[in-house]
Amino acid sequence: MDFVDYYKILGINKTAAPKEIKNAYRKLARKFHPDLNPNDKDAKKNFQQINEANEVLSDPEKRKKYDQYGKDWQHAEEFEKAKQYQGQSFGSRGARNSGSQSGADFSDFFESMFGGAASGGRSRQVKYRGEDLNAEIHLNLIDALKSQKQTLTVNGNKIRITIPAGIENGQTIKIQGHGGAGINGGPNGDLYITFSIANHPKIKRLGNNLYTSVDLDLYTAVLGGEITIDTLDGQVKLKVKPETQNESKVKLKGKGFPVYKSEGEAGDLYVTYHIKIPTNLTDKQKALFTELSDSSIKP
Amino acid sequence: MQIANHIAIDEFCSSWNIEVSFINSLQETGLIEVVIVNETACIEVTQLQQLEKCIRFYYELDINLEGIETIMHLLQRMNNMQNDINDLRNKLRLFERSET
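Keeping their order, the protein sequence lines are chains R and X. Under our numbering, the first sequence has 227 at position 214, and the numbering climbs by one with no breaks. Under our numbering, the second sequence has 50 at position 44, and the numbering climbs by one with no breaks.
The hints are simulated quantities; they were obtained by calculation from the structure and are not laboratory data. Keep in mind that the hints are not guaranteed to be accurate.
[Said to hold, decoys possible] Only pairs whose alpha carbons sit at most 30 Å apart, straight line, appear in this in silico DSBU-like list of lysine-lysine:
hint, chain 1, residue 1, chain 2, residue 2
1, R, K252, R, K264
2, R, K54, X, K97
3, R, K162, R, K274
4, R, K268, X, K97
5, R, K77, X, K97
6, R, K266, X, K97
7, X, K97, R, K35
8, R, K159, R, K57
9, R, K78, X, K97
10, R, K21, X, K97
11, X, K97, R, K171
12, R, K250, R, K268
13, R, K187, X, K97
14, R, K252, X, K97
15, X, K97, R, K297
16, R, K27, X, K97
17, R, K21, R, K57
18, X, K97, R, K289
19, R, K54, R, K162
[To be verified] One side only, chain X facing chain R, incomplete, derived with CB under 8 Å:
hint, residue
20, Q56
21, E58
22, K59
23, F63
24, E66
25, L67
26, L71
27, E75
28, R83
29, N92
30, R95
31, K97
32, R99
33, L100
Using N, Cα and C, we set each Cβ at its ideal position, and we do this for glycine too.
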């Protein structure tokens, strides 16, 4: 447990009047409130510290005790004195705490000085919503191709979730009621799961469309033919038109990624041809190319 | 307290110890929608999160209704921009070297 300087947290000096404390708290709370800084863990931590500092310094009794024992809290005798106060004089402010706040969010230092925030006797049995929790799931592109069930362990509880096919990289889904437990009968918070989907070595995804490139030999490009290409769910045969140009694209309708929560719908697969010029030609091949060159109409 | 997917405003206000007039003001500014179910003014459960956020802004941070309206608008824009960033990041991945 490190000593926490509540005055420093609020940016005020030790002689600050109650009004100054209130103003400093308001100013910082507006800056770091979790509702104003979604997904910012640092802001949440800062807000908890600010809240904690305000809980103590805005209450004359607690402030007096903090001023008296705060710096020397580690000394056993004084620590014991502080312990005697647990549960007696806490929580008269009566203001609402953020929905993301709970007793567990207060520092060890705070609890050792004043007792657990939740047990300290808020004057009213106000219901608080549990805090929202965040989790991240890593998938590869093939995993995201089909709906799948996964079991997560959150706060010791196992949650079985179905990940719909077509989930996007960076997309967040909300599992209602699986966040932190509510306080005083308040509702549970929600669990937010963000998906991180790794790139595929050969196939890129953009929305519901997929993009890939294939090498095409010169002869097939010129004369046309049939090739087999890899897709995320197996190989498909593809007819190549005669006189296909380098970097030209073809679209395979419906061979892209499944559309999120739209069963049976899928994007398209775009295939770019990279035409490979033959190397290490034999004399006969060179002669044939020369003949071909001579026979072609030059501009 | 709960009527299907709705919560009676009177009971919600009593539970949160807030004035019904505050909910009415939020409705007037269009921040929440109040519906009448069985002759009782209610809010939809899906709006609870938004409503609780407004309550925290008003009572914890002393932000007035005009401020809340502005903040909610900006938060919505932030959210949209975050989604745009995700889309752009995914587009950028098209041009990154493939992982091996």
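Discussion item. Hints numbered earlier in the text: which of these fail when held up against the supplied structure?
Written reply: 5, 7, 8, 9, 10, 11, 15, 16, 20, 26, 27, 28
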